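There are 2 protein chains.
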Amino acid sequence: MRCCIGLGSAGELELGRAPELTLIGLTGIPEIQVGDDLAALLVEAATRLSLAFQPNDILVVTQKVVSKIEGRVVCLRDVTPSPASLGWAAYLDKDPRLVELILGEATRIVRMDQGLLLAETRHGFICANAGVDRSNLPGEESASLLPLDPDSSAEAIRNRIRALCGADVAILISDTFGRPWRDGLTNVAIGVSGLIPLQDYRGTTDDFDRPLKATRTAIADELAAAAELVMGKTERIPAVLIRGYRYVSGEGRASMLLRPSERDLFR
Amino acid sequence: MRCCIGLGSAGELELGRAPELTLIGLTGIPEIQVGDDLAALLVEAATRLSLAFQPNDILVVTQKVVSKIEGRVVCLRDVTPSPASLGWAAYLDKDPRLVELILGEATRIVRMDQGLLLAETRHGFICANAGVDRSNLPGEESASLLPLDPDSSAEAIRNRIRALCGADVAILISDTFGRPWRDGLTNVAIGVSGLIPLQDYRGTTDDFDRPLKATRTAIADELAAAAELVMGKTERIPAVLIRGYRYVSGEGRASMLLRPSERDLFR
Chain X
0 MRCCIGLGSA GELELGRAPE LTLIGLTGIP EIQVGDDLAA LLVEAATRLS
50 LAFQPNDILV VTQKVVSKIE GRVVCLRDVT PSPASLGWAA YLDKDPRLVE
100 LILGEATRIV RMDQGLLLAE TRHGFICANA GVDRSNLPGE ESASLLPLDP
150 DSSAEAIRNR IRALCGADVA ILISDTFGRP WRDGLTNVAI GVSGLIPLQD
200 YRGTTDDFDR PLKATRTAIA DELAAAAELV MGKTERIPAV LIRGYRYVSG
250 EGRASMLLRP SERDLFR
Chain Z
0 MRCCIGLGSA GELELGRAPE LTLIGLTGIP EIQVGDDLAA LLVEAATRLS
50 LAFQPNDILV VTQKVVSKIE GRVVCLRDVT PSPASLGWAA YLDKDPRLVE
100 LILGEATRIV RMDQGLLLAE TRHGFICANA GVDRSNLPGE ESASLLPLDP
150 DSSAEAIRNR IRALCGADVA ILISDTFGRP WRDGLTNVAI GVSGLIPLQD
200 YRGTTDDFDR PLKATRTAIA DELAAAAELV MGKTERIPAV LIRGYRYVSG
250 EGRASMLLRP SERDLFR
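Those sequence lines, one after another, are chains X and Z. Quick note: the first sequence, position 127, residue 126 per numbering that gives the first Met the number 0, numbers continuous. Quick note: the second sequence, position 100, residue 99 per numbering that gives the first Met the number 0, numbers continuous.
Since the hints were derived computationally from the structure, they do not count as laboratory data. Heads up, some of the hints might be wrong.
What the hints assert, rightly or not - Restraint-style ranges between C-beta atoms, simulated for each label pair:
id	chain 1	residue 1	chain 2	residue 2	range
1	X	Glu19	Z	Leu163	21 to 27 Å
2	Z	Pro259	X	Pro29	17 to 23 Å
3	X	Thr21	Z	Ser254	30 to 36 Å
4	X	Asp35	Z	Arg242	53 to 59 Å
These figures come from a predicted structure and were not determined experimentally. All C-beta atoms, glycine included, are put in the ideal place defined by N, C-alpha and C.
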């Protein structure tokens, strides 16, 4: 299993740890348009900040700019709600055109209550409104949809950065999700390229040589959460450079962060 | 409501954002014993690393060292399981003495399946084994329980650091929780002192002057998650200094991060 790595010795255990971690917001990136070369904009922004991308760097990029570039922004005026969407919209007190978009993005409704529509997306993410979102978009009636394949989006950015400046930088695409039981939203990784998103400690031992059991850390989600602290809630900082985290390189995918349904007690 | 702050102008919105954030692991802290002066050990560790605590610094401290200091470590040999614990332990394939401890810490069982015992603690946290944990403890048969009042623990550390070196440093106590739907564990804040754990964007506008709705970020959980990237899964780095995050000062509590049961669709 690719996401399970053996960390046998103390030296190897230092992978996934860092005495110091730095996160730098890439400011000065202009408003993104469909078809823009995001990788070039990221390299330019880094250069303006006198940062040269280095091996082992991580770039966390918000879903919103990726959706904009990939044309995943819809004008609600172009959406005709179905009778089902009209009915559900009335129940949820939502715009029926938005409900139409959400149902189009959803493969399964997980909960529909208290004005919330929690759905599973084609990617397997479980989130509010199947990832359909109206914030930070130009135009009164715009809504953004999640990228069709955020892992591929991340991989394309990574490949283009490598072509532009030679550095192999791991890419995470982040989005803001709610969670049961705990209030407030946190950022998670919905697209991954160049790192293994789960740090697996099974088979290693703790400080007292006891085996660590059932310990897999969702480091990609923690990296996305950390980046949100620098990004804030507007898109003026759409990307954050994380330097100093010794991740495990590899062809990780966001689907590695999805709990298999047979181990999910909250379907 | 204390956790709701108005962020009216662009300048104020810069609160909760930072162009650069640094996380530094406090290494060299010795194995913790009951009654140790943790604040003094943290100040000593920072001094050894040539770090002087500054206003606006945040210290994230692991639950495990706080539990050790507060004597919340139990020897399983001293635990006599009840008949109920024996029965449940057989069903879950767990040590019945551990089940006895878990039931003592729990106020409500949320799920009991697949060898997992997911419970609500006296603090209102919903987590595996009601926070009872066997890793990184001396002795073959030790288990740690969550601090009785992690907010008070955090406040005591904060007050003692202020007394020792004059700096008012916000304190978060972190623990590692699982979550539905997504695989892997992430660190969250179970104790808070000196900052408001939710960043509330309601009443503010996005880049296109649209009101931001339903947007509250669990920054304390994101800070705890970020710190985990430096800590790793042993206790050799039991505390991380976070510098550069412009948090909202105030008497925040970990309970602010708990979703009220009437808004919880997954009880």
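Here is how each hint holds up against the structure:
| no. | hint | in the structure |
| --- | --- | --- |
| 1 | Glu19/X with Leu163/Z: 21 to 27 Å | holds, 23 Å |
| 2 | Pro259/Z with Pro29/X: 17 to 23 Å | violated, 41 Å |
| 3 | Thr21/X with Ser254/Z: 30 to 36 Å | holds, 32 Å |
| 4 | Asp35/X with Arg242/Z: 53 to 59 Å | violated, 34 Å |
The earlier numbered hints that this structure contradicts are 2, 4.
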